[in-house]
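Residue numbers (our numbering), protein chains in the order written: chain A, 1 to 219; chain B, 1001 to 1216.
Heads up, a few of these hints could be off.
Stated by the list, open to error - FRET-style restraints, in silico, Cβ to Cβ: (1) B/Phe1020 x A/Val129: 23 to 33 Å; (2) A/Val111 x B/His1193: 51 to 61 Å; (3) A/Val196 x B/Ala1126: 53 to 63 Å; (4) B/Arg1122 x A/Trp107: 36 to 46 Å.
What the hints assert, rightly or not - With the Cβ distance kept under 8 Å, some of the chain A side facing chain B (calculated, not the full set): (5) Ile2; (6) Ile4; (7) Lys11; (8) Arg14; (9) Ile15; (10) Asn69; (11) Arg70; (12) Ala77; (13) Ser83; (14) Ala85; (15) Leu87; (16) Gly88; (17) Leu89; (18) Ala92.
The set of hints was computed from the structure by calculation and includes no laboratory data. Backbone N, C-alpha and C fix where the C-beta goes; we use that ideal spot for every residue, glycine too.
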Amino acid sequence: MIRIARLVAAKDLRIEARSRVLLWQVVPFGVIALLLAGLALGPTQAGHSTAGPGLFYLVTLFVTLLMINRSQSLENAAGTRASVATLGLDPAGVFLGKAAALSVELWITGVVLLAGSVLVLHTALIGTVHALPSILVTLTTLAVAGTLYGALTQGGDGPATLLPVLTLPAFAPLLIAGERSYSAALHGGALWEWWVIVVVALVAYTAVGILLYGVLEES
Amino acid sequence: MASDHPVVRLVNAVVMSRGFPLLSGVDLELERGSLNVVTGANGAGKTSLLRLLGGLDALSSGAGEVAGIDLAHGDRRQLRRRVGWLGHEGSFYADLSVRENLLFAARALARPEGDVDTALRRVGLAHRAATITKQLSAGQRRRLGLAWLLVRRPELWLLDEPYASLDDAGREFFDHLLAEVVDAGASVVLSAHDALRSRELRPRTIRMAGGRVDGP
């Protein structure tokens, strides 16, 4: 399982590095969305700082949906699905590999968006650095859950437009917990309670993915 | 398992998709080490038959066995490991190079990486090893598909309209390769609109119409 996971993750990251979809399409989209969110709030810097964590996670949500679609589309290209299916890869390994690659892509995008938050929304740099571990864990959880829902909506003939409808209820607790822990790092407050929610969700989604990804692929 | 055990045995095999029968009662038996051509018009069920044999679509009713694995109750993932699929769309990661695509297959199946270079030389793509797959011509992608199958060494080769996009030299090369594969003991089922014109190969031709085997 681990061998297949490493193979799939390396393949997805190599494709991303070569196609540069992340660099030239997804990251610029995220930065522009963050900039527009800042403009919508008006010129008051204090308001920006308060809303910063929420806006960061809102933009992260849009970016995550794009990247889940992108990750699944690699496998759904005409003919590729059948050829790769006949390799008989361990579905748990495929799930872990795709989730790992998506996590790395979200970390890169997240770091760029955090820098954008500091510059555009004037969130405190030190507080943002303190929040970084919790943000990376939240992004990993979004990647794991997103990989699962991506397979659910695109594994068969399901339209890609189903993805936001299905994922939003699942992502909402993660986004709230992520926003709360980021706010706590910026303005003080209970940080660990929100971490626990994210870590429990990460463990649960990983377990469900390992057990069910093969079923979703077949559905 | 006895070597004279058929590689494919279907009895009244039905495959449904959203209430529509893709295969509507196929009876078929194919010998091991045989070359078989499935012909028929568009929508006759050629690709559906190949997908059923590859474990890519499930049997809705009837009975069947492919490479010793029961289609109704067996492990389809296990079946897929025993078959090789070459679709007419071109079947690879477009942003990986030719060599990277083959290395992916070799590593996934724990095959020696040296097999990749051997396969590339065999299909005449060694000089294209570093080329990104989406930059290949349709004929070259077809050769890459063959290299993928050579690396995999499946027991049953399933080739969906493999002669499409091939020039005369490509067709001749393809015929030679299929002859070698069959001589080495593998079984081949390929789909085509018409019977093969090759003088080198003497395949069994199976005609399909309306999701059934129509003859011979």
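Do the hints match the structure? See the list:
| no. | hint | result |
| --- | --- | --- |
| 1 | B/Phe1020 x A/Val129: 23 to 33 Å | violated, 58 Å |
| 2 | A/Val111 x B/His1193: 51 to 61 Å | holds, 54 Å |
| 3 | A/Val196 x B/Ala1126: 53 to 63 Å | holds, 55 Å |
| 4 | B/Arg1122 x A/Trp107: 36 to 46 Å | holds, 41 Å |
| 5 | Ile2 | violated, 13 Å |
| 6 | Ile4 | holds, 7 Å |
| 7 | Lys11 | holds, 6 Å |
| 8 | Arg14 | holds, 7 Å |
| 9 | Ile15 | holds, 4 Å |
| 10 | Asn69 | violated, 16 Å |
| 11 | Arg70 | violated, 11 Å |
| 12 | Ala77 | holds, 7 Å |
| 13 | Ser83 | holds, 4 Å |
| 14 | Ala85 | holds, 6 Å |
| 15 | Leu87 | holds, 5 Å |
| 16 | Gly88 | holds, 4 Å |
| 17 | Leu89 | holds, 6 Å |
| 18 | Ala92 | violated, 12 Å |
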